[in-house]
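If you read the sequences in order, they're chains W and E. So for the first sequence, the numbering used here puts the first residue at 1; every next one is plus one. So for the second sequence, the numbering used here puts the first residue at 1001; every next one is plus one.
For the record, the hints were derived by calculation from the structure and aren't laboratory data. Some hints here could point you the wrong way.
Said to hold, decoys possible - Once the Cα atoms are required to be at most 25 angstroms apart in a straight line, the calculated SDA-like pairs of lysine to any residue come out as: (1) LYS1235(E) to GLU178(W); (2) LYS1235(E) to GLN262(W); (3) LYS206(W) to PRO1010(E); (4) LYS1235(E) to THR274(W); (5) LYS206(W) to PRO1012(E); (6) LYS1235(E) to LEU273(W); (7) LYS1235(E) to THR258(W); (8) LYS206(W) to SER120(W); (9) LYS1235(E) to ASP1049(E); (10) LYS1235(E) to ILE159(W); (11) LYS206(W) to ASP1049(E); (12) LYS1235(E) to SER263(W); (13) LYS1235(E) to LEU156(W); (14) LYS1235(E) to LEU184(W); (15) LYS1235(E) to ALA179(W); (16) LYS206(W) to ARG1013(E); (17) LYS1235(E) to TRP175(W); (18) LYS206(W) to GLY1011(E); (19) LYS206(W) to ASP1166(E); (20) LYS1235(E) to GLN154(W); (21) LYS206(W) to LEU1021(E); (22) LYS1235(E) to GLN260(W); (23) LYS206(W) to LYS1235(E); (24) LYS1235(E) to GLN1224(E); (25) LYS206(W) to ARG1014(E); (26) LYS1235(E) to SER275(W); (27) LYS1235(E) to ILE157(W); (28) LYS1235(E) to PHE170(W); (29) LYS1235(E) to ILE153(W); (30) LYS1235(E) to ILE183(W); (31) LYS206(W) to THR1016(E); (32) LYS1235(E) to TYR177(W); (33) LYS1235(E) to ALA271(W); (34) LYS1235(E) to SER259(W); (35) LYS1235(E) to ILE169(W); (36) LYS1235(E) to SER120(W); (37) LYS1235(E) to VAL174(W); (38) LYS1235(E) to GLY261(W); (39) LYS206(W) to GLN1224(E); (40) LYS1235(E) to ALA82(W).
Remember, it's a predicted structure, so these values are computed and weren't measured experimentally.
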Amino acid sequence: MTTADPRLPARRGSAPTPGRDDAPRATGTRRGGTRFGGALWGVAPFAIYVTLFLAIPTFLAVATGFLDADGALTLDNVAALADPFVVSGFVTTLQLSAVTSLIGAVVGALVCYALIGTRSAGPLRSVIDAASGVLAQFGGVMLAFAFVATIGIQGLITILLLDTFGIDIFAEGVWLYEAPGLILPYIYFQVPLMIIIFMPALESLKPQWAEATATLGGTTRVFWLRVGFPVLAPSFLGSLLLLFANAFSSYATAAALTSQGQSIVPLQIRAALTSETLLGRENLAGALALGMIVVMAIVMTLYALLQRRAARWQQ
Amino acid sequence: MSAITGTGIPGPRRGTRWLILGAIGAIFAVPIVAMVEFTLRRGLEGGYDVSRWVTVLTGDVGPEYRVLGVAIGNSLLLALATIVIVLVLLVPAMITVALKLPRLRRVLEFICLLPISIPAIVLVVGLAPVYGVISRAAGSGVWTLAFAYGILVLPFAYRAVQSNIDAIDITTLTEAARSLGASWLTVIVRVLLPNLRVGLLAAAFISVAVVLGEFTIASLLNRQNLQTALVIVQKDDPFIAVIIVLLSLLFAFALLLVIGWIGRASTRRTR
Chain W
1 MTTADPRLPA RRGSAPTPGR DDAPRATGTR RGGTRFGGAL WGVAPFAIYV TLFLAIPTFL
61 AVATGFLDAD GALTLDNVAA LADPFVVSGF VTTLQLSAVT SLIGAVVGAL VCYALIGTRS
121 AGPLRSVIDA ASGVLAQFGG VMLAFAFVAT IGIQGLITIL LLDTFGIDIF AEGVWLYEAP
181 GLILPYIYFQ VPLMIIIFMP ALESLKPQWA EATATLGGTT RVFWLRVGFP VLAPSFLGSL
241 LLLFANAFSS YATAAALTSQ GQSIVPLQIR AALTSETLLG RENLAGALAL GMIVVMAIVM
301 TLYALLQRRA ARWQQ
Chain E
1001 MSAITGTGIP GPRRGTRWLI LGAIGAIFAV PIVAMVEFTL RRGLEGGYDV SRWVTVLTGD
1061 VGPEYRVLGV AIGNSLLLAL ATIVIVLVLL VPAMITVALK LPRLRRVLEF ICLLPISIPA
1121 IVLVVGLAPV YGVISRAAGS GVWTLAFAYG ILVLPFAYRA VQSNIDAIDI TTLTEAARSL
1181 GASWLTVIVR VLLPNLRVGL LAAAFISVAV VLGEFTIASL LNRQNLQTAL VIVQKDDPFI
1241 AVIIVLLSLL FAFALLLVIG WIGRASTRRT R
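Sequences are here, hints too, so could you generate the full structure?
Laid out in structure tokens, this is it:
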């Protein structure tokens, strides 16, 4: 990820495109046939591992949604997805994801734009890369603490606004621990994630295109409107979808902010999982998990389609 | 290698660049500054001092925080075990597919990127019964979490290693070495691994970052790691918790900075 391709010693100028170079590789396959046992040793342990820890858990997560407390097949849990409480959870989560991914994508892309022309190995980029990595991957619980210290009841900004300007941000109740309170912390990890995933796309813009535009008498404005934006559009939308998926599936920040809340779906799953003493509740987690997987599948399918389109210009 | 200087792509003016970066940077600094300010507060009488930092940095935090020390140890152990899983299970599979089973490339890519689409909170619903079995077979040691973490880091590790594999033209390198009489072991140790070090290093560091920040699975499977311990400590003494958060963020930042720099230095040398 952070080793965006341009920095690697890509002597051939471009990475091989999967699927397009079957012809030369076919030779390798034929020759490999004699050492098929060796190939098996390389792949089999990994196959067993992902079966045990990815395929089986995913299957179990979804399958339990169709089982009742005695293990018999039932659609009761899935029907519970239509419960107003669950529906409002999904709506809130989708809204939260949409708002934070949009803001995150725009602000993150702006930072990427500002970084055009800086050396990718230079100190500025190194610091921004590392800081983005920390905030995007490492955040979770710690971001919750950061925002309690910032806009919590005793937070720095809360007190500053109250003492200096007489503005009480919690005049209508403390919203930090409800769904709206998640917006700012989520943006705080969405923007860095956008920087990480969108920067490589921006770097794949070929300088020759700018030179060609200039040769043909185009201005900077023309370059961006006619070349830059159209080429980057699929990557931007793809990144936007990744951010959406990221917000939709995050759990840690919300869980650390509120130990009881059930405003978003991941927190509802927690409640269903931890109160398994309540009969039948355990399998509601499975149904909620199924609902989340359906949403994620839609988002990621769109992402895959956009990626295919984006790859067209990145050869 | 034109992307390095980027002279061709029309970028922002100097002033515009610093205005954008300065404004967004300042906004992003606020929560960090707020945390620092919070840890320096002197209780009800107001004012600031550094007494809590002294307490934490001298390790004089008292036995009730021993859970934190244990948890940090657990997280580091998990980070190490996860890197081992990536190196021992994922990397051989990727090299094998690149060299001998190119038709499986798409399948491998799909599997490795799948965890992005499966939220950890969903995975944990299915992992709970799996870990029930593991606990009976191998005990409920915290290290067993590494199996789940290996899955979490798959997409990141895969991307890092695959972009490296694509860039070095692994087939030609291997064929060249083989035709010069190198054994498969020599090819892997002296040709492939040195050429893949940047990708492997990147995969390792992103794994460390993901594991040290992981909360969802540990918390819902009732295992103790850095993040779950922070939530517990925060309830007793938010000041100590925030200091640990600041130190962890600093540690992760330094880690990513150093490893990113190593990656770049080695790339430059290769070029």
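Hint check:
1. LYS1235(E) to GLU178(W): holds, 19 angstroms
2. LYS1235(E) to GLN262(W): Roughly 20 angstroms between the alpha carbons, so the hint for LYS1235(E) and GLN262(W) holds.
3. LYS206(W) to PRO1010(E): holds, 11 angstroms
4. LYS1235(E) to THR274(W): With Cα atoms ~19 angstroms apart, LYS1235(E) and THR274(W) stay inside 25 angstroms; holds.
5. LYS206(W) to PRO1012(E): holds, 17 angstroms
6. LYS1235(E) to LEU273(W): holds, 22 angstroms
7. LYS1235(E) to THR258(W): holds, 12 angstroms
8. LYS206(W) to SER120(W): holds, 15 angstroms
9. LYS1235(E) to ASP1049(E): This hinted pair holds, its Cα atoms lying about 22 angstroms apart.
10. LYS1235(E) to ILE159(W): It holds: about 21 angstroms lies between the C-alpha atoms, which stays within 25 angstroms.
11. LYS206(W) to ASP1049(E): violated, 53 angstroms
12. LYS1235(E) to SER263(W): holds, 22 angstroms
13. LYS1235(E) to LEU156(W): Between LYS1235(E) and LEU156(W) the Cα gap is close to 19 angstroms, so the pair holds against 25 angstroms.
14. LYS1235(E) to LEU184(W): holds, 22 angstroms
15. LYS1235(E) to ALA179(W): Distance ~21 angstroms between LYS1235(E) and ALA179(W) Cα, so the pair holds.
16. LYS206(W) to ARG1013(E): holds, 19 angstroms
17. LYS1235(E) to TRP175(W): holds, 20 angstroms
18. LYS206(W) to GLY1011(E): This hinted pair holds, its Cα atoms lying about 13 angstroms apart.
19. LYS206(W) to ASP1166(E): holds, 19 angstroms
20. LYS1235(E) to GLN154(W): holds, 15 angstroms
21. LYS206(W) to LEU1021(E): holds, 24 angstroms
22. LYS1235(E) to GLN260(W): Given that 25 angstroms is the threshold and the Cα spacing comes to 14 angstroms, the pair holds.
23. LYS206(W) to LYS1235(E): The given pair, whose Cα atoms are some 52 angstroms apart, is violated under the 25 angstroms limit.
24. LYS1235(E) to GLN1224(E): With Cα atoms ~16 angstroms apart, LYS1235(E) and GLN1224(E) stay inside 25 angstroms; holds.
25. LYS206(W) to ARG1014(E): holds, 21 angstroms
26. LYS1235(E) to SER275(W): Distance of about 21 angstroms is within 25 angstroms: holds.
27. LYS1235(E) to ILE157(W): holds, 22 angstroms
28. LYS1235(E) to PHE170(W): holds, 22 angstroms
29. LYS1235(E) to ILE153(W): holds, 15 angstroms
30. LYS1235(E) to ILE183(W): holds, 23 angstroms
31. LYS206(W) to THR1016(E): Roughly 22 angstroms between the alpha carbons, so the hint for LYS206(W) and THR1016(E) holds.
32. LYS1235(E) to TYR177(W): Since the Cα atoms of LYS1235(E) and TYR177(W) sit roughly 15 angstroms apart, the hinted pair holds (cutoff 25 angstroms).
33. LYS1235(E) to ALA271(W): holds, 20 angstroms
34. LYS1235(E) to SER259(W): holds, 11 angstroms
35. LYS1235(E) to ILE169(W): The given pair, whose Cα atoms are some 24 angstroms apart, holds under the 25 angstroms limit.
36. LYS1235(E) to SER120(W): violated, 42 angstroms
37. LYS1235(E) to VAL174(W): Cα-Cα ~19 angstroms, so holds.
38. LYS1235(E) to GLY261(W): holds, 17 angstroms
39. LYS206(W) to GLN1224(E): violated, 48 angstroms
40. LYS1235(E) to ALA82(W): This hinted pair is violated, its Cα atoms lying about 36 angstroms apart.
In this structure, the earlier hints numbered 11, 23, 36, 39 and 40 are contradicted, and the remaining ones agree with it.
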